[in-house]
Amino acid sequence: MNRLQMLLKKAALVICVGLLGSLCHAANLVLIADSANIEARSTVVARLKAEASAAQLKKTNKAGPLNAEYTEALELSLSDLRVALPEVIEGIAKAKGADVVLEPSIAKKFALVGVDVSAEVAQALDIRASKSRFLAP
Amino acid sequence: MKWLIFALLSFAFSALATGNAPKSILISDTRDAFERVSALKSLLLEVDTRIQTIQKAYEQEVAPLTAELEQLRKPGQTGQNQQRKASLLLQIAALQKQASVQQQAVGAANEKALAQIDIAVLAIEAELKKERAADAVLRVQETLYFNASCACNITEEIYQRLNARLPKLVLSIK
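Chains R and P supply the protein sequences, listed in that same order.
Quick note on the numbering used here: the first sequence kicks off at 1 and runs consecutively.
Quick note on the numbering used here: the second sequence kicks off at 1 and runs consecutively.
Hints were generated in silico from the structure; no laboratory data involved.
Any given hint could turn out to be false.
Said to hold, decoys possible - Between beta-carbon pairs, the in silico distance windows are: (1) Ser38/P to Ser105/R: 33 to 41 Å; (2) Gln116/P to Lys108/R: 25 to 33 Å; (3) Lys59/R to Pro75/P: 52 to 60 Å.
Glycine included, C-beta positions come from ideal geometry on N, C-alpha and C.
Just chain R, with the same shape it has in the complex (with noise of 0.2 Å):
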């Protein structure tokens, strides 16, 4: 018994030690924000493809992929959630009181955990850019 309760505090001791360090050495609140998977999850960018398509479709007739005139032209009305997108995130790291935001990859080649935020973003994306409308060619 004696023998297990020794075992026990040198183990405690381990984690106390080990516990100590990890909080001595400064660490830094990481977010992580996936531009792919922003878009992916925006509900204004999937409106405003919808929007695009419906438009082509009236026009020219012509359903399915947009053609490079309508591609543009969504390129071009998608520009400005692209504008908005660092101020979003600025905005969610500050309120979190992160110190730094990365895409995956970037986080994945220095082998750092975060916080995957990027629901977060397109959903105050959205919200920001919600009078967003299809700018037909």
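Got chain R sorted already, so can you dock chain P onto it with the hints?
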């Protein structure tokens, strides 16, 4: 036996801690280096001066040749001047090529000097990483956002060390 268990436990805990614990990172933002790094400022000035000198020398040498060529192109000039015209054109082309080669040499020397600065910055980043026991050093371009007032921002430290170590760079043109 108990020491073996103790060692295994320590190992397991440390593996767990390093695998999932938040990491310490440093970030450098040297986008305004041309205004903050003395070596870059002096380099920029020297490159500019040298390019202007080459351009000026070229213009001075070409001006009389161009003027003569214009005279020869005026109506009423005889065909016997064709040889002179061709000779002038060849001289102008040779001067153009010479100026272009000189400018390329300045460009190459500039690239070399910039590489020296890059190497120095990398060395400073590695030092700071070691000194602060950080897990990674990221460039601002690798981030979507970073808090500039965070203790992880090592930009000022980089500028200070770089300016102390490499106050000036001289172009070595071959």
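Now for the hints, and whether the structure bears them out:
Checked against the hint of 33 to 41 Å, the pair Ser38/P and Ser105/R passes, with Cβ atoms roughly 35 Å apart. Between Gln116/P and Lys108/R the CB atoms are about 31 Å apart, so this pair conforms to the stated range of 25 to 33 Å. A hinted range of 52 to 60 Å holds for the C-beta pair Lys59/R and Pro75/P, which are about 59 Å apart.
The structure shown violates none of the earlier numbered hints.
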